[in-house]
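Q: Spelled out from the first residue to the last, the chains are:
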Amino acid sequence: MALTREEVMHIAALAHLELSEAEIALYQEQLSAILAYAAALQQLDTADIPPTETALSVTRAPLREDEPEATLSPAEALHNAPARAKGCFVAPPTL
Amino acid sequence: MPNSLPDLTIHAALAQLHSGALTATALTQAVLDRILAVDNHVRAYLTLDPEGALKQAAAADARYAAGERAPLLGIPLALKDNLSTRGMETTCGSRILEHYIPPFDATVVARLKAAGAIILGKTNMDEFAMGSSTENSAFFPTHNPWDLTRVPGGSSGGSAAAVAAGEALGALGSDTGGSVRQPAALCGIVGLRPTYGLISRYGLIAFASSLDQVGPLTRDVTDAALLLNVLAGHDPRDGTSHTGALPDYTAALHSDLRGMRIGVPANALIAGVQPAVAQAVRAALEQLAALGAEIVNIDLPHDEHALATYYLIAPAEASANLARFDGVRYGYRAEAETLDALISRTRGEGFGPEVKRRIMLGTYALSAGYYDDYYRKAQQVRTLIRQDFERAFAEVDLIVNPTSPTTAFSLGARLDDPLQMYLADLFTLAQAIAGLPAISVPCGYDADGLPIGLQFAAPPLQEARLLQAAYAYEQATAWHRRHPEFIYTQEGELSS
Chain A
1 MALTREEVMH
11 IAALAHLELS
21 EAEIALYQEQ
31 LSAILAYAAA
41 LQQLDTADIP
51 PTETALSVTR
61 APLREDEPEA
71 TLSPAEALHN
81 APARAKGCFV
91 APPTL
Chain B
1001 MPNSLPDLTI
1011 HAALAQLHSG
1021 ALTATALTQA
1031 VLDRILAVDN
1041 HVRAYLTLDP
1051 EGALKQAAAA
1061 DARYAAGERA
1071 PLLGIPLALK
1081 DNLSTRGMET
1091 TCGSRILEHY
1101 IPPFDATVVA
1111 RLKAAGAIIL
1121 GKTNMDEFAM
1131 GSSTENSAFF
1141 PTHNPWDLTR
1151 VPGGSSGGSA
1161 AAVAAGEALG
1171 ALGSDTGGSV
1181 RQPAALCGIV
1191 GLRPTYGLIS
1201 RYGLIAFASS
1211 LDQVGPLTRD
1221 VTDAALLLNV
1231 LAGHDPRDGT
1241 SHTGALPDYT
1251 AALHSDLRGM
1261 RIGVPANALI
1271 AGVQPAVAQA
1281 VRAALEQLAA
1291 LGAEIVNIDL
1301 PHDEHALATY
1311 YLIAPAEASA
1321 NLARFDGVRY
1331 GYRAEAETLD
1341 ALISRTRGEG
1351 FGPEVKRRIM
1361 LGTYALSAGY
1371 YDDYYRKAQQ
1381 VRTLIRQDFE
1391 RAFAEVDLIV
1401 NPTSPTTAFS
1411 LGARLDDPLQ
1421 MYLADLFTLA
1431 QAIAGLPAIS
1441 VPCGYDADGL
1451 PIGLQFAAPP
1461 LQEARLLQAA
1471 YAYEQATAWH
1481 RRHPEFIYTQ
1491 EGELSS
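Chains A and B, in that order, give the protein sequences.
Each step along the first sequence adds one to the number in the working numbering, with nothing skipped, and position 27 is 27.
Each step along the second sequence adds one to the number in the working numbering, with nothing skipped, and position 208 is 1208.
Hints in this document: simulated from the structure, not taken from any laboratory.
Mixed in with the good hints, there may be bad ones.
[What the hints assert, rightly or not] Have a look at the derived ranges for each label pair, beta carbon to beta carbon:
no.: 1; chain 1: A; residue 1: 13; chain 2: B; residue 2: 1286; range: 38 to 48 Å
no.: 2; chain 1: A; residue 1: 89; chain 2: B; residue 2: 1236; range: 22 to 32 Å
no.: 3; chain 1: B; residue 1: 1254; chain 2: A; residue 2: 65; range: 33 to 43 Å
no.: 4; chain 1: B; residue 1: 1337; chain 2: A; residue 2: 32; range: 26 to 36 Å
no.: 5; chain 1: B; residue 1: 1050; chain 2: A; residue 2: 86; range: 34 to 44 Å
no.: 6; chain 1: B; residue 1: 1055; chain 2: A; residue 2: 70; range: 21 to 31 Å
no.: 7; chain 1: B; residue 1: 1098; chain 2: A; residue 2: 87; range: 23 to 33 Å
no.: 8; chain 1: B; residue 1: 1243; chain 2: A; residue 2: 70; range: 21 to 31 Å
no.: 9; chain 1: A; residue 1: 71; chain 2: B; residue 2: 1372; range: 33 to 43 Å
no.: 10; chain 1: A; residue 1: 21; chain 2: B; residue 2: 1041; range: 32 to 42 Å
no.: 11; chain 1: A; residue 1: 90; chain 2: B; residue 2: 1101; range: 14 to 24 Å
no.: 12; chain 1: A; residue 1: 29; chain 2: B; residue 2: 1324; range: 38 to 48 Å
no.: 13; chain 1: A; residue 1: 90; chain 2: B; residue 2: 1021; range: 50 to 60 Å
Ideal placement from N, C-alpha and C gives every residue a C-beta, glycine not left out.
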């Protein structure tokens, strides 16, 4: 299953990854090889097989009691932000 | 004369600390001296906190003097750098998280601290735990203490190399498809992946949430049981955390395997397995039979599809988990005029090649038009793989195979071929896909003196059975008592 250059660019856009020309060419080749390997799964008949979403072998954990707990202060929450002002994260305009 | 304190097992060190023959300060200082002597060659650590470690050691000594006891009081340990540590840099081996200081401790870190352990620092890893050699670290590769020209395995390669070289008495890693067991095998130590849900994932930076598990790396099986006792248990902060009562895992450590049925899959010793590895595993099976176990041939018909299944499911989950790295709230930020451009450029510059490759693969497997063919198909095959194990465990108590098809390979040898690198995980993926517990223990050395690992897998929550068999095998052999020669020549040079 060979991916086209356009498909690679479409996936990169979906994944919000800015790629160089060299990376586009490299991933086109490598992802095609990996997907060709994975194509072996298509030969298995899984028509009546339910999907496994999680490896949980026990019942799902119960919700904890709805009791307030100590949480991060605004200063702690903002501590790692590359840009911050007036108690907020700062980012460029969306348009 | 080299100092052997850093090569003590955790249980041996605890005995000396309890009797007063050893102080936590002397032990911690000896380990820090070892790190100073060897880590410029091994490069196991990304972050080291000598002052903090010695402070914790002094506090532990004060507690011992006051008659206090705790399960790991005064034991110096290392943590893989994807485990959140309050106030200590946590990079996940990635530029995108360089200088990130978590405001909280992962539950496993809090549990170790509560048990009295001393945190030495954070160990190197493949970026976001994606890799099998630790060469995908954004910072530098780690070297195998048994041969510095070779990889330590991965992705918990820093933790494995640190334990093998006496740069910590034990360490934590994480295992998504073999990342605790494979480096343990390549570094000649013990690595345990517990049942999915047994150890909390809270504060473990997510890679593939349905597969990720924290696990201990130690010098012997007794130490693995000691750490599991501290780490396992329900955590309300992890929605997949197991809620049931748990045994004392050290109680399982006895050497009688009579009546135990051990299954060997038909493909365990296939052509791709290095001859020395196959030979060591065959010898181990004879040893297990001599200990009273019955060796049974079993069939896991869908095992051959584990690699493809894993490399669709794990990247798909990773592509969703890693969407949070946007350059706004923490970590690396690229400059751009608009938010969209900032996010794409931050991710393009901040993630390394393997992480981008897997995000792309996962995004593709989840995208419109391909979801059913790739992601859903892989989840269905995951069911088939689980059912194979369920059928097998109706007949046998444990399943044994090699941990890795080869011993440690040379640095750089597989970097250009992702599929070849993925094959390093051939024998560790299926158990992870099925959520089973598995352990790697040393079972020999090849002609170059490189360690070989033997893997046991058990049904869900049967860690006690797993540890029992691993312990019985270990006690009947001497493989786990060897240490890499290089650490002593290094220490000799430093003190002369």
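Q: Hint by hint, say whether it matches the structure.
A: How the hints compare with the structure:
With their beta carbons about 57 Å apart, residue 13 (chain A) and residue 1286 (chain B) fall outside the hinted range of 38 to 48 Å. Range check, residue 89 (chain A) to residue 1236 (chain B): about 28 Å between beta-carbon atoms, so the 22 to 32 Å window is met. For the pair residue 1254 (chain B) and residue 65 (chain A), the beta carbons lie near 40 Å from each other, so the given range of 33 to 43 Å is met. A hinted range of 26 to 36 Å holds for the C-beta pair residue 1337 (chain B) and residue 32 (chain A), which are about 34 Å apart.
A C-beta distance of roughly 39 Å is found between residue 1050 (chain B) and residue 86 (chain A), which places it inside the suggested range of 34 to 44 Å. At roughly 25 Å, the beta-carbon separation of residue 1055 (chain B) and residue 70 (chain A) lies within the given 21 to 31 Å, and the hint holds. Roughly 25 Å separates the CB atoms of residue 1098 (chain B) and residue 87 (chain A), a value that falls within the hinted 23 to 33 Å. A C-beta distance of roughly 24 Å is found between residue 1243 (chain B) and residue 70 (chain A), which places it inside the suggested range of 21 to 31 Å.
At roughly 41 Å, the beta carbons of residue 71 (chain A) and residue 1372 (chain B) sit within the given window of 33 to 43 Å. Taking 32 to 42 Å as the suggested C-beta distance range, the pair residue 21 (chain A) and residue 1041 (chain B) conforms, at roughly 38 Å. For residue 90 (chain A) and residue 1101 (chain B), the Cβ-Cβ distance of about 19 Å falls inside the hinted range of 14 to 24 Å, so the restraint holds. Evaluation of the 38 to 48 Å hint for residue 29 (chain A) and residue 1324 (chain B) yields a failure: the beta carbon distance comes to about 29 Å.
At roughly 57 Å, the beta carbons of residue 90 (chain A) and residue 1021 (chain B) sit within the given window of 50 to 60 Å.
Checked against the numbered hints above, the structure breaks hints 1, 12 and satisfies the rest.
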